[in-house]
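Protein sequences, first through last, are from chains X and A. If you count by my numbering, then the first sequence holds residues 1 to 288, one letter each, in order. If you count by my numbering, then the second sequence holds residues 1 to 89, one letter each, in order.
Hint data in this document are derived by calculation from the structure and do not stem from the laboratory. The structure presented is a predicted model; accordingly, all values stated were derived computationally and were not measured. Watch out, some of these pointers could steer you wrong.
Quick look at which bits of chain X chain A covers, simulated, 3 or more residues with Cβ under 8 Å [what the hints assert, rightly or not]:
1. 4–12
2. 209–220
Here are the simulated distance ranges between beta carbons [stated by the list, open to error]:
3. Arg-65(A) - Lys-166(X): 43 to 53 Å
4. Gly-274(X) - Pro-49(A): 55 to 65 Å
5. Glu-243(X) - Pro-49(A): 21 to 31 Å
6. Trp-37(A) - Leu-272(X): 50 to 60 Å
7. Phe-18(X) - Asp-54(A): 43 to 53 Å
8. Glu-57(A) - Thr-6(X): 23 to 33 Å
9. Glu-57(A) - Thr-143(X): 25 to 35 Å
10. Thr-143(X) - Arg-35(A): 36 to 46 Å
11. Lys-166(X) - Asp-56(A): 41 to 51 Å
Each residue gets a CB set at the ideal place from its N, CA and C atoms; glycine is no exception.
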Amino acid sequence: MAVASTVVYEYLRGKKKFPHVWCPGCGIGIIMGALLRAMADLEIKKGDVAMISGIGCTGRMPVYCDFHTLHTTHGRAIAFATGIKLSKPDLKVVAIVGDGDGLAIGGNHFIHAARRNIDITTILVNNKIYGMTGGQYSPTTPTGKFATTAPYGNLEHPFDAYLLAKGAGANFFARSSVYHATQLQVLIKKALLKKGFSVVEAMSNCHTLYGRLNKEGSAVQMINWFKDHAVNVNIAKKKTPEELEDKFITGVLWEDNRPEYSEQYEALIDRLGGRKKEEKPEAEVVKQ
Amino acid sequence: MAEENQIQKVEPAEDGEEKAKKEKPKNPNPIVIFRRWCKACGICINLCPKDVFDADEDGYPVVARPFECTQCSICWLHCPDFAIKSTEK
């Protein structure tokens with residue numbers, strides 16, 4: 001794997017924007033590094049990528065990356081990404097959503113983009129809480145865990161993003177964590193290459209709010225928690241549900257090959273004869 | 001001939017100092033930390049398997065034992081602030 005420690009600096013808006021706003025030890029920086037290294041591995045140029053985010057701690061990510069970037073309204077990252085993909089199908093479109101941004105406020109866009117199966121790579125940063133707004137419980141906060149709006153423990157049941165994406169019809173779902181930075185990089189690489197709606201759920205740590213309220217310790221302790229509680233998908237098949245109770249499964253969980261939306265859309269334009277501008281190259285060939 | 005070769009291979013392993021001399025000289029400066037970007041979160045200090053870093057009085061990492069570094073790249077893969085780079089990779 002051709003990774004170098006300096007390759008990320010080519011993709012960063014380093015002189016203006018750094019150091020970044022995230023808390024010391026926040027896993028979003030690790031996820032951003034894995035994403036940029038995956039891009040460098042695939043030798044994707046800066047101008048070929050559109051990176052879209054919503055609001056939240058994850059929403060700051062495109063500010064630091066030197067691609068075509070959009071920082072959009074809350075929850076609407078995938079909606080904007082759909083528009084960009086349909087108008088510019090050659091771009092690689094990456095949507096960065098958080099757990100609240102992608103599954104609660106933008107939950108509708110998430111399932112319908114999966115249903116359309118449009119070619120967007122979605123990085124779902126799951127830190128189990130609304131970090132930026134002060135620690136309210138989110139759709140992925142586990143039952144019984146504490147948040148500022150759940151001082152006696154959360155009563156609700158959390159979403160499983162894997163079942164949601166699979167049920168809605170996504171083509172690819174993978175999960176990893178910030179401890180497994182190299183695995184995360186490999187999975188993002190697979191998701192970028194996969195046609196159709198592909199989701200990579202990156203488990204991240206919010207030690208400032210989630211860790212403090214639930215007494216899970218510092219950034220290092222939370223990252224080590226991911227190390228102890230991750231089970232690879234191949235090993236998880238051999239284990240009983242009781243053994244997997246407080247664990248989370250990593251690796252490629254779901255892969256499918258349904259037809260992709262923007263390609264079908266382009267085919268429809270061709271079928272209806274709606275593309276007149278492409279006659280020019282043919283005329284040049286005749287002159288030569 | 002085969003026996004002589006085996007002996008030659010075994011000898012340096014018995015004496016650690018000689019083995020170190022025969023290997024290429026170790027890099028005295030394997031890791032660079034940008035102090036302006038670093039937020040002293042302590043991830044590199046705690047995840048390093050060879051215990052290369054020490055924390056200074058403010059909690060910032062300092063490369064205290066550079067000759068222990070094996071270029072495993074765990075520190076810069078896990079640095080959330082992009083504040084560590086390797087001089088060899």
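Which hint numbers doesn't this structure obey? Violated hints (numbers, rising): 7, 9; every other hint is consistent with the structure.
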